[in-house]
Every structure is written in structure tokens, then in C-alpha cells.
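J.: Kindly produce the complete structure, drawing on both the sequences and the hints.
These are the residues of each chain, in order.
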Amino acid sequence: MSNQEKLVQAFSDALGIAQDLVQDTLEYNTIKEWDSTAHMVLISELETVFDVMLDTDDIIDMSSVAKAKSILGKYDVTF
Amino acid sequence: MTSPSEQLSLRDGSVLVTGATGGIGRAIVELLSKRGTTVFAAGRSKAALEALVESTSGHVIPLQYDVTDEKSVKEAFRSIQKQQLEPNVGMLVGLVNNAGEMKEAPLLASNMDLLKHQLNVNFLSAYQHMQLASRLMARSRHGAIVNVVSQIGEQGNAGLSAYAASKAALTGATKSLAKELAPIGIRVNAVAPGFIETELTAHYDDAQRERIFSRIALKKAGSAELVAQAIVFLLDDASNYTTGHVLPVDGLFQP
Chain V
1 MSNQEKLVQA
11 FSDALGIAQD
21 LVQDTLEYNT
31 IKEWDSTAHM
41 VLISELETVF
51 DVMLDTDDII
61 DMSSVAKAKS
71 ILGKYDVTF
Chain S
80 MTSPSEQLSL
90 RDGSVLVTGA
100 TGGIGRAIVE
110 LLSKRGTTVF
120 AAGRSKAALE
130 ALVESTSGHV
140 IPLQYDVTDE
150 KSVKEAFRSI
160 QKQQLEPNVG
170 MLVGLVNNAG
180 EMKEAPLLAS
190 NMDLLKHQLN
200 VNFLSAYQHM
210 QLASRLMARS
220 RHGAIVNVVS
230 QIGEQGNAGL
240 SAYAASKAAL
250 TGATKSLAKE
260 LAPIGIRVNA
270 VAPGFIETEL
280 TAHYDDAQRE
290 RIFSRIALKK
300 AGSAELVAQA
310 IVFLLDDASN
320 YTTGHVLPVD
330 GLFQP
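Chains V and S are the protein sequences, given in the same order.
Each residue of the first sequence is one higher than the one before, counting from 1 in my numbering.
Each residue of the second sequence is one higher than the one before, counting from 80 in my numbering.
Check each hint, because a few of them may be wrong.
Derived DSS-like pairs (lysine-lysine); straight-line CA-CA distance at most 27 Å [unchecked claim]:
no. : chain 1 : residue 1 : chain 2 : residue 2
1   : V       : K67       : S       : K150
2   : S       : K195      : V       : K69
3   : V       : K6        : S       : K153
4   : S       : K150      : S       : K161
5   : V       : K32       : S       : K195
6   : S       : K161      : V       : K67
7   : S       : K113      : V       : K32
8   : V       : K74       : S       : K258
9   : V       : K74       : S       : K161
10  : V       : K74       : S       : K150
11  : S       : K113      : S       : K161
12  : S       : K195      : S       : K113
Ranges between beta-carbon positions, derived for each pair [what the hints assert, rightly or not]:
no. : chain 1 : residue 1 : chain 2 : residue 2 : range
13  : S       : A286      : V       : T37       : 36 to 44 Å
14  : V       : S63       : S       : G251      : 49 to 57 Å
15  : V       : D35       : S       : K113      : 19 to 27 Å
16  : V       : S63       : S       : S158      : 24 to 32 Å
17  : S       : G251      : V       : E5        : 40 to 48 Å
18  : V       : S36       : S       : D316      : 21 to 29 Å
19  : S       : L187      : V       : S36       : 38 to 46 Å
20  : V       : F50       : S       : A237      : 22 to 30 Å
Computed far set for chain S versus chain V, every beta-carbon distance over 10 Å [claimed, not checked]:
no. : residue
21  : H138
22  : F156
23  : L186
24  : Q210
25  : Q287
Because the hints were derived from the structure by calculation, they are not lab data.
In this text, a Cβ means the ideal position worked out from N, Cα and C, and glycines have one as well.
T.: Right, dumping it as C-alpha cells:
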């Protein structure tokens, strides 16, 4: 499974949404499924799937799917 | 009737205990180990951690770090994040913020360094541990956090304002995070010990003890084992309808 596929799966699992909704443009708090509670589950899912531990500032900055990719890039996860 | 130990789902997971080499910490580690839980035992002293592992029959994984060192705390959680995936360890399902220090000083002699140190050890470090532990627990939407606070923090005591404030801060965080983390299945509670027989109270002479016991309804000291039992109860699924509370283990102490 590619990192892109892992990312889509992680968002889908954590937020409980269909995979086709996981687009780069999807932003935090723009759908009811991506609220502050789900965000915590999402962070946990991403950290497990990509075997990283994110800094708090990166968690605060993770405001969209595109941003998540950019931040994970700092941890040597390439897309 | 099912006993709490039979209901314990902790057996399949792991628990991080800070301040694991002190009197109450050792009792927590021993009780959890007896129940089949893998324990990540955190402490500053390598020798004390080795002695703890040696004296405990269960699966105890030592983590040597200072709870006030943010970088070391993060590294410890990175280690737990990796180790919890091993089948003989299990996912982190519990955190006990037990590490703490009590510095006694009247207001006029409490300099800012003392105040900051008390807040660092008793509150900020526990907060960082809750932040990182809840991230590990969030994926499985299950976990329990128990903070060791103090009756001094609940009721105050002359000469212990810095300590009381640091513990009261932890009580406040306990009650707030219980509400914040409930939607993802993480319970947050606290235990407030009173006068407990440990190394920290061993220096009290008979006269001092009598004065203290006169303010305890049950007229005696508690034991580390009793505090550990309360903590394990709050980690256990036997208490899965209890969150945001402070359980006193104090014989009804009035400081």
C-alpha cells in the first residue's frame, strides 16, 4: 500500500467517512465528522500508520489533508 | 459475584506508572504486575528501577527519565509507541501520574524557583504525560488516566501553598480532561492520599504522628498498598462509569 493509500485509509478510518471524500482540499471543521474529538483520533491513527510522533505545533497546524501531507513530509514520509 | 481482578481488562494492555520507584509507585507496579498487566515503570534512578524489576514477578519495562525533561518524556512515549505493538506488551490502556515532590515553605520564603519547580514536577509534567498518553489511547478509543493529587491540594495547608497549588492545578486538569476525553473513551480520575506510611513520612516521630492522627477520623496512617488499590480500581473497567472524580484515600483527613 502506498503512503497516499495509507493516508486516505487513515483519514477514512479516523473520521468515519468514505475514502472518496478524502481529498487534499478537505479541511478541519468543515464537515461534522472532523471535529476536535475526531482530530485526536486522526492524529493517533496517522502516528501509528506512519510510525511517527508529531510535535504539538504540527498537530495544531494540521488543518487539511494537504497540510497533513506537508507536515508528514517533515518526518520523512513522502507522497 | 465477579471481583474487580476478574473483570480487569488491563491484563491485555500496558500501563505507564511515573514515580515508580517510590513507596506508592512500587505498590502500584506490584499490584498491576500481579494482575498480569505489563507495566512501563518510569523513574530517574537506574539502580532503583533495576531493583524494582528484580523484585517484581510480572512484566515490568523500566524507563529511566526525568518527568520534567520534555524531550526525555517524548522519547519515552516514542519507545512506548513502538513497544506496545509487541504481543507480549499490549497497547497502552492506562497512565498513572504518580511522580511528585512536596517542598515545604511559608509564603515569604517561597521564591519563584521553588514555585516553578513544584508546578513543573507536580503539574506540567503530568499534563505532558496526559497529552501524549491520550494520543496513544485515542486510536483504540479506550483508556484510563489516574492522577495522584493530594488532600493538601483539595483543602490547603499552611506552609504548603506552592505544593497545594500545583496539586490543585492537577485536580482542575483532571476534571476538565475527563469531560474533554470522554467522547473518545478515555476516563480521567484522581486519587488524593492523606498521611501514608512511605519513605517520605518515615522521619515523623511519635509526637508528630499523634498530632497528625488526631486530625484523621480513622486515627491511623494509610499504606501505599491501599493507595495502589484505589488507583488500580480507577484504571480497571470495574470503574468504567466513573470519570472526573477525586477519590480520597485518607481516613477522612482534615489538614
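J.: Compare the structure with each hint and give your call.
T.: Against the structure, the hints come out as follows:
1. V:K67 with S:K150: holds (25 Å)
2. S:K195 with V:K69: Status violated; Cα separation ~38 Å.
3. V:K6 with S:K153: holds (25 Å)
4. S:K150 with S:K161: Holds: K150 of chain S and K161 of chain S sit about 17 Å apart, inside 27 Å.
5. V:K32 with S:K195: Roughly 40 Å between the alpha carbons, so the hint for K32 of chain V and K195 of chain S is violated.
6. S:K161 with V:K67: holds (25 Å)
7. S:K113 with V:K32: violated (44 Å)
8. V:K74 with S:K258: violated (33 Å)
9. V:K74 with S:K161: Satisfied, since the Cα-Cα distance of roughly 20 Å is no more than 27 Å.
10. V:K74 with S:K150: holds (18 Å)
11. S:K113 with S:K161: holds (24 Å)
12. S:K195 with S:K113: violated (37 Å)
13. S:A286 with V:T37: 36 to 44 Å: violated (54 Å)
14. V:S63 with S:G251: 49 to 57 Å: Given about 29 Å between the Cβ atoms, the range is violated.
15. V:D35 with S:K113: 19 to 27 Å: violated (40 Å)
16. V:S63 with S:S158: 24 to 32 Å: Given range 24 to 32 Å: holds, Cβ gap about 29 Å.
17. S:G251 with V:E5: 40 to 48 Å: holds (43 Å)
18. V:S36 with S:D316: 21 to 29 Å: holds (26 Å)
19. S:L187 with V:S36: 38 to 46 Å: With a Cβ separation near 43 Å, L187 of chain S and S36 of chain V satisfy 38 to 46 Å, so the hint holds.
20. V:F50 with S:A237: 22 to 30 Å: For F50 of chain V and A237 of chain S the Cβ distance comes to about 52 Å; the hint is violated.
21. H138: For H138 of chain S, whose nearest Cβ neighbour in chain V is about 22 Å away, the distance exceeds 10 Å, so it holds.
22. F156: violated (7 Å)
23. L186: holds (34 Å)
24. Q210: violated (7 Å)
25. Q287: Answer for Q287 of chain S: holds, closest chain V Cβ roughly 44 Å.
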